[in-house]
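Produce the complete structure using the sequences and hints provided.
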Amino acid sequence: MLDQVSTYLLDLQDRICDALSTLDGRAFEQDEWAHHSGGGGRTRVLSDGVLIEKGGVNFSHVKGSELPPAASLKRPELAGKPFEAMGVSLVIHPRNPFAPTSHMNVRFFIAGAGSETPIWWFGGGFDLTPYYGFEEDAIHWHKTAAAACEPFGKHLYDKAKAACDDYFYLPHRQEQRGVGGLFFDDFNELGFDRSFAFTQSVGDHYLPAYLPIIEQRSAQSFTEQHRQWQLLRRGRYVEFNLVQDRGTLFGLQSGGRTESILMSLPPKVAWEYRAEPEDGSDEARLLTDFIQPRDWLA
Numbered sequence: 001m002l003d004q005v006s007t008y009l010l011d012l013q014d015r016i017c018d019a020l021s022t023l024d025g026r027a028f029e030q031d032e033w034a035h036h037s038g039g040g041g042r043t044r045v046l047s048d049g050v051l052i053e054k055g056g057v058n059f060s061h062v063k064g065s066e067l068p069p070a071a072s073l074k075r076p077e078l079a080g081k082p083f084e085a086m087g088v089s090l091v092i093h094p095r096n097p098f099a100p101t102s103h104m105n106v107r108f109f110i111a112g113a114g115s116e117t118p119i120w121w122f123g124g125g126f127d128l129t130p131y132y133g134f135e136e137d138a139i140h141w142h143k144t145a146a147a148a149c150e151p152f153g154k155h156l157y158d159k160a161k162a163a164c165d166d167y168f169y170l171p172h173r174q175e176q177r178g179v180g181g182l183f184f185d186d187f188n189e190l191g192f193d194r195s196f197a198f199t200q201s202v203g204d205h206y207l208p209a210y211l212p213i214i215e216q217r218s219a220q221s222f223t224e225q226h227r228q229w230q231l232l233r234r235g236r237y238v239e240f241n242l243v244q245d246r247g248t249l250f251g252l253q254s255g256g257r258t259e260s261i262l263m264s265l266p267p268k269v270a271w272e273y274r275a276e277p278e279d280g281s282d283e284a285r286l287l288t289d290f291i292q293p294r295d296w297l298a
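Just so we're aligned: 160 in our numbering is position 160 of the sequence shown, and the numbers increase by one with no gaps anywhere.
Because the hints were derived from the structure by calculation, they are not lab data.
Please note: incorrect hints may appear among the correct ones.
Said to hold, decoys possible - Computed cross-link-like contacts, DSS-like style, restricted to lysine-lysine with a CA-CA straight-line distance of at most 25 angstroms:
{"hint": "1", "residue 1": "K63", "residue 2": "K81"}
{"hint": "2", "residue 1": "K159", "residue 2": "K143"}
{"hint": "3", "residue 1": "K143", "residue 2": "K154"}
If you're wondering where the values come from, they're calculated on a predicted model, not measured in any experiment.
This is the structure in structure tokens:
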């Protein structure tokens with residue numbers, strides 16, 4: 001199991017970095033690291049690019065003799081078992097405010113490997129966070145997401161789309177993070193081979209979903225007002241990752257590499273007291289028409 005998954009994840013990281021580097025014209029810097037438990041990873045970051053202000057594509061393989069109590073609280077059957085978790089996680093923050101931020105991760109978890117009854121599952125998905133709403137972008141994103149799920153059962157897109165809307169939500173703001181996409185976790189219902197194939201399909205559909213959007217939107221001209229709105233909305237992204245995101249919390253609680261875990265944060269961000277968009281503006285339309293749960297395939 002572990003070798004199969006690791007081989008795929010490392011190749012996925014290579015393919016995504018190659019495609020984004022070709023688009024931007026700037027290479028990712030690689031940082032290989034070892035974990036005190038015996039695991040490790042390779043973090044790749046593209047900073048101050050032509051189209052990508054900051055992008056991180058991280059592979060990690062974390063091991064431990066047992067999960068921290070906070071991580072096994074809701075899954076007591078995991079308590080006291082050695083575990084391994086590996087995955088590829090990425091966040092791309094474009095420079096142009098009309099180009100949306102994208103996030104993707106695919107991961108595998110196993111506890112009690114080598115025992116008669118190991119506990120394992122896959123998880124992951126991808127989601128899109130625009131700063132200005134374009135219906136054709138959201139429709140393309142969700143059509144590609146549906147195509148990733150279709151060979152494994154038509155119900156999977158509806159289930160993973162609803163889970164994404166539920167997960168990427170800021171309760172303290174009472175708003176969605178973006179226009180959603182796919183989210184799945186604790187996934188083993190198809191058996192190992194098919195569950196792994198589904199996870200691969202999600203990972204493989206990220207580039208077809210995102211590349212056309214960032215390429216087109218990065219060609220649009222923008223003003224300092226557009227840029228300021230982007231920085232304000234990036235604040236919401238930071239709030240979610242630091243307050244709500246289970247992956248960030250698990251990484252920190254399990255002793256993961258902090259620098260790699262926090263690579264998802266944008267390089268520049270702004271908060272202003274009671275910053276509200278003008279009624280009827282494009283900025284207001286993002287909040288009323290786009291970052292609301294919606295059937296983008298209708």
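Structure-based check of all given hints:
1. Restraint check for K63 and K81: satisfied, since their Cα atoms lie roughly 11 angstroms apart, inside the 25 angstroms limit.
2. A distance of roughly 15 angstroms separates the Cα atoms of K159 and K143; the hinted pair therefore holds under the 25 angstroms criterion.
3. A threshold of 25 angstroms between alpha carbons decides the hint, and for K143 with K154 the separation of about 12 angstroms falls inside it, so the pair holds.
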